[in-house]
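Fit chain B with the ligands to the known structure of chain A by using the hints.
Residue numbers (numbering that gives the first Met the number 0), protein chains in the order written: chain A, 0 to 393; chain B, 0 to 277.
Accuracy of the hints is not assured; some may be wrong.
Said to hold, decoys possible - A few chain B residues that face chain A, going by a derived Cβ cut-off under 8 Å, partial list only:
1. E15
2. G74
3. S149
These are calculated hints, taken from the structure and not from any lab test.
Glycine included, C-beta positions come from ideal geometry on N, C-alpha and C.
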Amino acid sequence: METIAKSIWKRLPLSSNYAVAYAARDSDVDEIAAYPITPQTTVVEKLSEFIANGELLAEMVHVESEHSAMSASIGASAAGARAFTATSSQGLELMHELLHIASGMRLPIVMSVAARALSAPLSIWGDYSDVMNTRDTSWITIIASSAQEVYDSIVQAYRIAESVMLPVMVAYDGFMMSHTYEPVFVSEKAGLFRDYIPRKGRVVLDTKKPVTMGAVANPDWYYETKYQQVKAMSDAYGLSVEADQTFSKLYGRGYGLVEEYNVDNSELVILTYGGIFGTVKQAVDEMREQGIPVGAARVRLFRPFPLNELRSLLLKSKAVAVLDRSFSNGLPVSGPLAVELKSMMNSYNINVPVYSYIVGLGQRTVTEADISKIASQALSSKVSNESIYWGVRE
Amino acid sequence: MEETLAHPLEKYLRTEKLPHMWCPGCGIGTVVQAFLRAVDELKIEQDKVVAVSGIGCTGRIPQYIKFDGAHVLHGRAIPVALGIKLARPDLKVVVFGGDGDLASIGGNHLMHAARRNADLIVIMVNNFIYGLTGGQVAPTTPKEATTYTSPYGPDSKPLDAVKLVSAAGGTFVARWSTAYPVLLKESIKRAFSHRGFSFIEVISQCPELFGRINNFKSTYEIYQKIKKVGTIRRGISPYDAKYDWNSEISLGEFVNFEAPSYYDQLREIIEKAKGVKE
Ligand SMILES: Cc1ncc(C[n+]2csc(CCOP(=O)(O)OP(=O)(O)O)c2C)c(N)n1
Ligand code: SF4
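Excised from the complex, chain B in its bound form:
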């Protein structure tokens, strides 16, 4: 009888929860894999990571990976994560969310976490649509695409989260796609060593809804489109990065600099209030 080998990342998976709820060909699995490989390669202790999410297909990630976690309300993962981080600054707190979860209903929290340079890693899976609720228009939906609530295309132009987070003050801002899992993994590793707010957007395929509604005949077809439209641009400013479904969605690390994190700033104020001079 053939012996089944354990998956190399099995120790990070809640195998009892499998099979997972994601559709065949969904890009979310690639993001999970890149994340777990990053944790594994960095040898971060499992009990030093907390995974927090709101609601969405992406929001289900913490349910399948073996870290402490919280699955909270749609849009509210970031403030909950911030609370966890402030109570336990020794932990690495990671937020997973969809583009609806983080850039629509939770957009305000995203902006303010970036402004504060909050000590969080936020991984946003952008599949251009609301997945879990069955294919409605998202703030990231390209003008050229349709959804069940925008049968003739969205009424306004899409939001480029990279520019939003950069302008708000994020100190580590990157965008990758499921077509570049290794580069994504390396970027997540850098986010882990970054002090302050790290934001990584991952352009991902939702073959089941976005793909189906927009006439991509297979996962392969939509994956090819994502591969083609994603263009790696090293060293460009986030404001020169493109978010255009027809020509280019720029990929890369657009912002990476050191600045006092939210925690540092709080410490500073506490010291000031105590009247203690360093």
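Extracted from the complex, chain A is given alone in its bound form:
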């Protein structure tokens, strides 16, 4: 990896937002349509700079809302362009109906999401309520946990999207990642990923061979068309593995679909997603030093759900505490990842105790001490069957 690093990379201090902008530049996107929203704004500012300075040959549309941002991305992608957009929170919510159009039309759009809480009450701070609300939109969803992974995942996203013809979103923590700086290797010169994400032919709007996208499907065909999306999502699973492995082979960095940390010989695995994984790993180190047998894991690919990787994790786990930064109100177990994990375990007859914790809503601080307390509570097995809203003042 060192040799690869020396020859083709430039090491820069970047926030995850800037890592997104560099990745979009290095993916040679053709069209960007975006509307500013905290904490996404610097993605678009950086991209504007790249375009203005001639570092990226792309059209940029400063649309009047996120609804228009996704609409313009749909139009551009349908006409054959490599489209990119970025948003957050209410912006992602405002896009919602278009998210279904993008996936239903099978357009390989890539979008970054700086995950943020939803109003009301108004909060500009981070959590994953926005991302989790899109679970049923047929978007492939990657959740990264470092700026380098954000950069690499955007590039991988184009490979996956353009192979399976479904859109991909790459999410990361609003503020904790969007606004903090980490060293990131970015491509030294243009064209590094040209063969990794080659320009491929696909069905586009073409006056010589006219097609209608998104046409009416009556009851005799709607179902089949939707089922094609189901199959595509299932294909996306293998393609996501392939995209990551090939990336790793060519460029020396891979992440897998589920990242494990000190899982062997553990009595409890703390499972989560996003930037909080860093805190969890730190807490695991501290607990291990004290002889507490705890491990950790994080889900990197949220859609399609990484069944095989989670199954093999669960087979090694004696108990799992799931930390969710979002909740699906009205369920006894309300953490989205916990709910999906339980449903999957049910389908595969896996029986491991799963404890659901809701943490870090609207950027409520979660420290290593919180993680340790959660772990010791979970290890005591005196845990409710219902989600625990950690640290809330009732």
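Relative to the frame of chain A, chain B with the ligands by itself:
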């Protein structure tokens, strides 16, 4: 010891919320002051006014003034305000919003509220930029200006909200600037007595972003520019009003006539449906 005198408008302020979030020299404070003076001079009861806003620096106004209020989604203040007005026609419902909030993401609502002659007062603070999100291009940004997302200038010409609202059917349409706080206040007073849709655009300084990015060295400098470019034109048509950063941004009341308001029109339909003839 010196005694501190209460601010004459203190009873309208949520003093517990102070200090406010606006930057030193921001024009939004002038708009708030003009509005509160108008309410005070008209002796409108405080519990007869509702302040509604979307999101933005301007959108924070309802948080600092002591009226019932709602701070809703970016762009959606007008339809929420309309809902409030229909449920409580006895109240004066005022919308505060930035140019992004009201003319970009919420532009459709602005147009339709004007078309309906909705019984609302809409005060739009135009600082030529998205303030709260940190200085991105707005639909009102002049061609000559730059922002963080348009480092070489915007890609298209700016929107003149006065013409838009007038063409859509607004029955009271004015534009003032922070350089004329008294005229602004008088105009707000007239808006309060107007039945139907009142729209007041206020050209305002954002020294922190628009000013900084466009090389205005101080609040004073950008304020001087706003003072200079704003030219009062009495009695001209809104379609002759100029919105040109280089030569003139016309100020004045361009439209003011009586027509059935949205509420009146609804009443009319209800009466018709009942088959009752007046
Ligand atoms: C759906 C949605 N998109 C984007 C945003 C982010 N946002 C908040 S305020 C704002 C624009 C602020 O500019 P303006 O409306 O002109 O008001 P100002 O801050 O200049 O007073 C934006 C884009 C949001 N809150 N919601
Ligand atoms: S950013 Fe601009 S508009 Fe917002 S408070 Fe500061 S000066 Fe005013």
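Going through the hints against the structure:
| no. | hint | in the structure |
| --- | --- | --- |
| 1 | E15 | violated (17 Å) |
| 2 | G74 | holds (7 Å) |
| 3 | S149 | holds (7 Å) |
Consistency note: the structure conflicts with earlier hint 1 alone.
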